[in-house]
Amino acid sequence: MFYKMLGVVASVGLAAVANAQTLNGSGSTFQKAYQESAIEQFKKAHTGVTINYGGGGSGKGRQDLADMVVDFAGSDSAYKDADLEKVKGGPVLYFPLLLGPITLAYNIDGVHGLKLSPVTIAKIFQREITKWNDPAIAADNKGEKLPDLAIVVAHRADGSGTTDNFTKYLVAAAGDAWKLKSGSTVEWPADTQAGAGNPGVAQIVKSTKGAIGYVDLSDAKASGLTYAAVKNQAGKFVEPTAASASIAGDGIDVKENLLFSALNAKGDAAYPITYQTWVIVYASQKDAAKGALVKSYLHYLLGEGQKMLPELDFAPLPKGLQAKAVKQLEKIKLP
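According to the numbering used here, the residues represented by the sequence shown are 1 to 335, in order.
Keep in mind the hints are simulated off the structure, nothing from the lab. C-beta: ideal position from N, C-alpha, C; glycine also. Mixed in with the good hints, there may be bad ones.
As the list claims (entries may be wrong) - Subject to a maximum C-alpha distance of 20 Å in a straight line, what follows is the list of computed EDC-like cross-link-like pairs (lysine to aspartate or glutamate):
#, residue 1, residue 2
1, 333, 268
2, 333, 256
3, 88, 67
4, 209, 128
5, 123, 83
6, 319, 250
7, 324, 253
8, 131, 109
9, 221, 311
10, 115, 148
11, 181, 128
12, 209, 187
13, 307, 287
14, 255, 330
15, 307, 250
16, 231, 144
17, 236, 256
18, 86, 109
19, 324, 304
20, 142, 239
21, 43, 304
22, 290, 67
As the list claims (entries may be wrong) - Pairwise CB distance ranges, derived in the manner of DEER restraints:
#, residue 1, residue 2, range
23, 149, 81, 24 to 32 Å
24, 69, 333, 15 to 23 Å
25, 190, 40, 35 to 43 Å
Input sequences plus hints: build the corresponding full structure.
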């Protein structure tokens, strides 16, 4: 019934669109698979509508929206307060879409059950641990034959919400062991490799023996990568799945503007590097017809579209957060 009601509201919103409309969005590669699937299904029900979503990373999405180049941004991180002053179209609204794991994908022949703890992850990505048979890795992988193989670290080249959330996780979970701070970009050691978007990092890992990189689950699975179980707050090694990401989303603290973090969540079965993503739009739309389409498409993403997320290896929004996001659609004002 909940999804059916959303569909009715979405249809009413679209009725305000007098002519064929085009929406353009850019940003997060984490949510790109969902955007592409949702656009395909939405267009089947709404002929004459065109919706384009390009990747480029969360930083690009936020900047494109700030410059009014796109109608909506996909981002895994919020604007910094200082950057909000440069957003040309006025106040913005954040609409959460989904939760999903950041995997630690690796390429080691014969090793399929790797386990990693937060401090070890920090030291690997800072190049303090450079061989796969290092004692720190071996301590968490008793019985696993680890090779005397050089570790190749892969990371994002672009301004990335995945990087921001991965490094925020390390700040929270690894403590003083993590020295590179957090952000959409960080100063990685010089002997690391950079890839564009989640697919770019996945490609480096897939093509490089000994490589490890942080990649969202959907792209890791699409690339056929192997990924580690990560030690969570409860001391349990948990594999990244849609289910373990969903558990991490239980009991999250959501702010009034619908910003939150699912990183380093409590619970025996919670995957600790679970992150989230939003669609960001202007609260006051400049064009009535296009604004109505923005609202209608968001209704679909927050409603009927949520049912396709598990098949894409994402976790749907918790019901309470979903209801808050749908309610917030009322704050989008049309001229």
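Taking the hints in turn, this is what the structure says about them:
1. Proximity of residue 333 to residue 268 is assessed by CA-CA distance (about 43 Å); at most 20 Å being required, the pair is judged violated.
2. For the hint linking residue 333 to residue 256, the alpha-carbon distance of about 18 Å falls within 20 Å, and the restraint holds.
3. A hinted pair counts as satisfied when its Cα atoms are at most 20 Å apart, and residue 88 with residue 67 qualifies at roughly 6 Å.
4. Of the pairs offered as hints, the one joining residue 209 and residue 128 holds, with about 19 Å between alpha carbons and a cut-off of 20 Å not exceeded.
5. For the given pair, residue 123 sits about 32 Å from residue 83 by alpha-carbon distance, which is inconsistent with the 20 Å threshold.
6. Proposed proximity of residue 319 and residue 250 is supported: the alpha carbons are some 10 Å apart, at most 20 Å.
7. For the hint pairing residue 324 with residue 253, the CA-to-CA distance comes to about 13 Å; that is within 20 Å, so the pair holds.
8. Note on residue 131 and residue 109: the hinted pairing holds, with a Cα-Cα distance of about 14 Å set against a maximum of 20 Å.
9. Under the criterion of a C-alpha separation no larger than 20 Å, the hint pairing residue 221 with residue 311 is consistent with the structure, at around 12 Å.
10. Using a Cα cut-off of 20 Å, the hinted pair residue 115 and residue 148 holds, with the two alpha carbons roughly 17 Å apart.
11. Restraint check for residue 181 and residue 128: satisfied, since their Cα atoms lie roughly 16 Å apart, inside the 20 Å limit.
12. Between residue 209 and residue 187, the direct Cα distance comes to roughly 24 Å. Violation of the 20 Å bound is thereby established for this hinted pair.
13. Annotation: proposed proximity of residue 307 to residue 287 is violated, straight-line Cα distance about 30 Å (limit 20 Å).
14. A distance of roughly 17 Å separates the Cα atoms of residue 255 and residue 330; the hinted pair therefore holds under the 20 Å criterion.
15. Among the hinted pairs, residue 307 with residue 250 is consistent with the structure: their alpha-carbon atoms are about 18 Å apart, no more than 20 Å.
16. Note on residue 231 and residue 144: the hinted pairing holds, with a Cα-Cα distance of about 17 Å set against a maximum of 20 Å.
17. For the proposed pair residue 236 and residue 256, the alpha carbon gap of about 32 Å is over 20 Å, so the pair is violated.
18. In summary, the hint linking residue 86 to residue 109 is not supported, as the alpha carbons are separated by about 48 Å, beyond the 20 Å threshold.
19. For a cut-off of 20 Å, the pair hint linking residue 324 to residue 304 stands: about 16 Å separates their Cα positions.
20. Proximity of residue 142 to residue 239 is assessed by CA-CA distance (about 17 Å); at most 20 Å being required, the pair is judged to hold.
21. A hinted pair counts as satisfied when its Cα atoms are at most 20 Å apart, and residue 43 with residue 304 qualifies at roughly 13 Å.
22. Taking the CA atoms of residue 290 and residue 67, the gap is about 17 Å. The hint holds against a cut of 20 Å.
23. For residue 149 paired with residue 81, a C-beta distance near 44 Å fails the hint of 24 to 32 Å.
24. A C-beta distance of roughly 21 Å is found between residue 69 and residue 333, which places it inside the suggested range of 15 to 23 Å.
25. Distance hint for residue 190 and residue 40: a CB-CB separation of about 42 Å, consistent with the stated range 35 to 43 Å.
In summary, the numbered hints that this structure violates are 1, 5, 12, 13, 17, 18, 23.
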